[in-house]
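Number of protein chains: 2
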Amino acid sequence: MSNLSNNIKLVDSLTARVGPAGEVQDILDWLIERNRQVRVDIDLVDFDRLSGWHFNSDSGDLEHVSGKFFGIRGVEIRTDGFPLLREHWTQPIIDQPEVGILGIICRMIDGVLCFLMQAKIEPGNLNCVQLSPTLQATRSNYMQVHKGKAPRCLEYFRNAGSHQIWLDQLQSEQGGRFLHKRNRNIVIEVEEEIASHPDFVWVTLGQLKALMRYDNVVNMDTRTVLSGLGWDDRDILPVRDRIHTARGHAMLRSLEKKNGGEAINRTLFWLSELKSRYSLNTRLIPLNQVKEWDIRADEIVRPDGRFFRVIGARVLIENREVASWDQPLIQPMQDGLCALIMKQIDGVMHFLVQAKLECGNLDVVELAPTVQCLTGSFRSGLPHFLDYVLNARREQIIFDINQSEEGGRFYHEQNRNLLLEAEKDFPKNEIPDNFRWVALRELREFLRFNNYLNIQLRSLLAAIDLFNL
Amino acid sequence: MSNLSNNIKLVDSLTARVGPAGEVQDILDWLIERNRQVRVDIDLVDFDRLSGWHFNSDSGDLEHVSGKFFGIRGVEIRTDGFPLLREHWTQPIIDQPEVGILGIICRMIDGVLCFLMQAKIEPGNLNCVQLSPTLQATRSNYMQVHKGKAPRCLEYFRNAGSHQIWLDQLQSEQGGRFLHKRNRNIVIEVEEEIASHPDFVWVTLGQLKALMRYDNVVNMDTRTVLSGLGWDDRDILPVRDRIHTARGHAMLRSLEKKNGGEAINRTLFWLSELKSRYSLNTRLIPLNQVKEWDIRADEIVRPDGRFFRVIGARVLIENREVASWDQPLIQPMQDGLCALIMKQIDGVMHFLVQAKLECGNLDVVELAPTVQCLTGSFRSGLPHFLDYVLNARREQIIFDINQSEEGGRFYHEQNRNLLLEAEKDFPKNEIPDNFRWVALRELREFLRFNNYLNIQLRSLLAAIDLFNL
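Residue numbers (our numbering), protein chains in the order written: chain B, 75 to 543; chain L, 75 to 543.
Derived by calculation from the structure, the hints in this document are not laboratory data. Possibly wrong hints are sitting among the right ones.
Same chains, same names: a pair is fine if it fits in one copy or spans any two.
The calculated SDA-like cross-link candidates involving lysine to any residue, where the alpha carbons are at most 25 angstroms apart (straight line), are [unchecked claim]:
(1) K142 to D154
(2) K142 to R357
(3) K142 to D122
(4) K142 to L358
(5) K142 to S131
(6) K365 to D132
(7) K142 to F500
(8) K142 to T356
(9) K142 to T153
(10) K417 to N465
(11) K223 to E267
(12) K498 to R510
(13) K83 to N339
(14) K223 to S353
(15) K502 to H323
(16) K142 to Y352
(17) K142 to Q99
(18) K417 to G322
(19) K223 to G155
(20) K365 to Y352
(21) K502 to Q238
Note that this is a predicted model, so its numbers are computed, not measured.
Chain B on its own, in the form it takes in the complex:
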């Protein structure tokens, strides 16, 4: 399978607004129906009532009695002078050493590439059911270590030949919440028919992009996988005539640029310098040694109410079957904002990204949106460009949507995802050292390698639809 034929398939699936599942509204209706048929009850309970979970008597870490799943532990962070950050702090963090698997199956149906999506319930979701990858599994599930019941469609991934693999990347999760956590993002193409199932639906890429213009419909796991699907510079040419907007053409021009390699080198050098200039030393400590956080009967929280709190949840899910379990969840103290500013420079659309240091990062900094913050952190040291983003005129805004974080760990968390075009007089050169204008081609190149773009930036990129800019 060549790049070229893959890209033509992708482009066809972007332009095809009608896939086998019908119109976008049909998919939304189907999701609403799935939501109607399920009841999700979350009771917030004290930690000592969480079945299967306990505070480790030595460390105070909140752990599952089996030692599996994940734990809430402490981390101590030392860094040195990174803009807007303290040099030393401690905080709780989710420690989940296993790589998660996020897999999407695609298949040509009636000449259109379609993606097999799952209507999946997660306890923390604001709206119960969202469009999720074909497969979400832990590494143990995936490897079938415990010989338990195999997740649906697992065998397609385990048996995929290398010619079926469109994508196989390890990408990071939220560096402020997880320690070094990554998921394996996989897309495979399957030729044979796959048995239908009431929780699964075939959707085109164009439909997925359209669905991402609705609040909290496409889940975070889907968005991160989709962000890795792109075209490369050689193969994009046949699409050119199908792009309808000036913005779309300005983005395409970056993919066509012949000396993109040089720009990428410059960005890599800039990153090397930042990763050398600033150190990040994060080490696990016992949760009971974390300072500035209170461990209470029903929450782990900062007295000043900032950032997030850890809560205990009793989950009851009723649809065709009844499932119930207890687990800790992370609840943000405010909704967040992830905003990306773009601007044409020399006829090519560029994005203003920042190199952001977060305590759980594997490699000091990752590229992040122009603005990434909780609304509450507006108080202390205003993030750069926040004012500009909050005061943007309506005509500048490409999209402005609430997107959910992963509902398996985060309780009712949504972030405002905002893409906007800067005005002509927006400064091109006077930007802080840890900010940089990069073209789409560079971002696509960085996406091929691990741990360069953070999950918030990937979420924004996934929603960009060259045909509807």
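Using the hints provided, position chain L relative to the given structure of chain B.
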């Protein structure tokens, strides 16, 4: 400064065998003379006699009293089923969180690109003085945190504009010895004349490659920096006619290949799968909790005599000035072997690399030479392809040289660096899962990003000279 002009400069400096310093033999003579003028005495002393160093009373870690420099600590490693590795072990490791700076200045002299090399003494060097980068500095030196005496030529690096930067990468050190240690590899071009100094010499890239055919002349730090200097596919064309050998042409063809991106994607997918299949969990533990190692008065060593030992060294260096200090050093228990097999596949030269898990790796595995082992580890589970390498016929061997590891940490350590071409009947497909044939273009692409090629593989690649294959 464009890639193209950089590459033409590089090619000229490769072909120019006579740089301002004269013939290769002149440089060797100059090094011998530098060696003659210096006296290095290393006394091995008990740890309790090491001035400035002590065992931490709690952890047993061997540390400097200032808390600076580096420490010998313990690590506990858990992994799961990686070929030829145990699933759990503990060992001593060098913990040196600071990024080191390895910088080389280049400059056009009489129309030929030259590199400013330093004849540098390191306590652990077998032969006192080796050709080293213009600048070797710690991050604190580099940032001038302590306002001490600036290392020579530092200001050129600190003041370099982005147009002067040829290379700026963070690359790993030995994953079996260091925990997550990296160095910043920088090459900058300077236009102005630089004051001469008796310990510095201008050398062309061709001369450096020729010098790498001598045992222990070009130090590890120089080799890792040079490995990052490459040509990219577009710009290599003008060189074609200057390549004299069939092997050189077979390597060039991989750089010219138009669909190299697809091959790189496949290799990235293969790496993602391995990094998901195998986990690596390395955590610092107190040195006094390390099992299977004895902490004696004069050494930290395994009773079975495997791997390495930690020793205490009193260093006395006399040349124009006298310098003396104490420090721990790591001494290998056997010499090592790093061998890379190459083979033409479809007219393109490919290298057989392995994804190797070492406990100090930042990201589970890095690409390593076909064979990388201490001679002592031959006993337990013969490494793959070792027999083939040790029994290669003379005509297969491109080079076979002893190269030193970094003499600032390692005592009299050299590894046999061997590049050989496989015979026609060498298996192309029947190789273990964690081995893969990759072309030069792929390796060059991976080198641009951090932590993909380990230091042993980079050392071998640095010594490849397309004009003398």
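To see whether the hints hold, each was checked on the structure:
When the C-alpha separation of K142 and D154 is checked against a cutoff of 25 angstroms, the pair qualifies only between copies, where the shortest distance is 16 angstroms, while the shortest distance within a copy is 34 angstroms. In the homo-oligomer, the alpha carbons of K142 and R357 lie at most 25 angstroms apart both inside one protomer (20 angstroms) and across protomers (18 angstroms), since each shortest distance falls under that limit. Proximity of K142 and D122 under a CA criterion of 25 angstroms is satisfied intra-copy only: 18 angstroms inside one chain copy versus 44 angstroms between copies. Proximity of K142 and L358 under a CA criterion of 25 angstroms is satisfied in both settings, with 17 angstroms inside one chain copy and 22 angstroms between copies.
In the homo-oligomer, the alpha carbons of K142 and S131 lie at most 25 angstroms apart inside one protomer (17 angstroms), although the nearest pairing across protomers, at 34 angstroms, exceeds that limit. For a Cα distance limit of 25 angstroms, the shortest separation of K365 from D132 qualifies both inside one copy, at 17 angstroms, and across copies, at 23 angstroms. Taking the shortest alpha-carbon separations for K142 and F500, neither the intra-copy value of 50 angstroms nor the inter-copy value of 45 angstroms comes in at or below 25 angstroms. Both within a single protomer and between protomers do K142 and T356 lie at most 25 angstroms apart by alpha-carbon distance, with minima of 22 angstroms and 18 angstroms respectively.
Taking CA atoms no more than 25 angstroms apart as the test, K142 paired with T153 passes between copies only; the shortest distance there is 16 angstroms, against 31 angstroms inside one copy. Only within a single protomer do K417 and N465 lie at most 25 angstroms apart by alpha-carbon distance; the minimum there is 17 angstroms, versus 60 angstroms between protomers. In this homomeric assembly, K223 and E267 come within 25 angstroms of each other (Cα to Cα) only inside a single copy, at 22 angstroms, whereas the closest approach across copies is 71 angstroms. Only within a single protomer do K498 and R510 lie at most 25 angstroms apart by alpha-carbon distance; the minimum there is 17 angstroms, versus 50 angstroms between protomers.
In the homo-oligomer, the alpha carbons of K83 and N339 lie at most 25 angstroms apart only across protomers (18 angstroms), although the nearest pairing inside one protomer, at 30 angstroms, exceeds that limit. Only between protomers do K223 and S353 lie at most 25 angstroms apart by alpha-carbon distance; the minimum there is 23 angstroms, versus 44 angstroms within a single protomer. In this assembly of identical chains, K502 and H323 lie within 25 angstroms of each other by CA distance solely inside one copy; the values are 20 angstroms within and 44 angstroms between copies. Only between protomers do K142 and Y352 lie at most 25 angstroms apart by alpha-carbon distance; the minimum there is 17 angstroms, versus 34 angstroms within a single protomer.
With identical chains, the CA atoms of K142 and Q99 are never at most 25 angstroms apart, being 40 angstroms at best within one copy and 63 angstroms at best between copies. For the homomeric pair K417 and G322, the shortest alpha-carbon distance inside one copy (12 angstroms) is at most 25 angstroms, but the shortest distance between copies (44 angstroms) is not. In this assembly of identical chains, K223 and G155 lie within 25 angstroms of each other by CA distance solely across copies; the values are 23 angstroms between and 49 angstroms within a copy. In this homomeric assembly, K365 and Y352 come within 25 angstroms of each other (Cα to Cα) only inside a single copy, at 23 angstroms, whereas the closest approach across copies is 34 angstroms.
Proximity of K502 and Q238 under a CA criterion of 25 angstroms is satisfied inter-copy only: 22 angstroms between copies versus 42 angstroms inside one chain copy.
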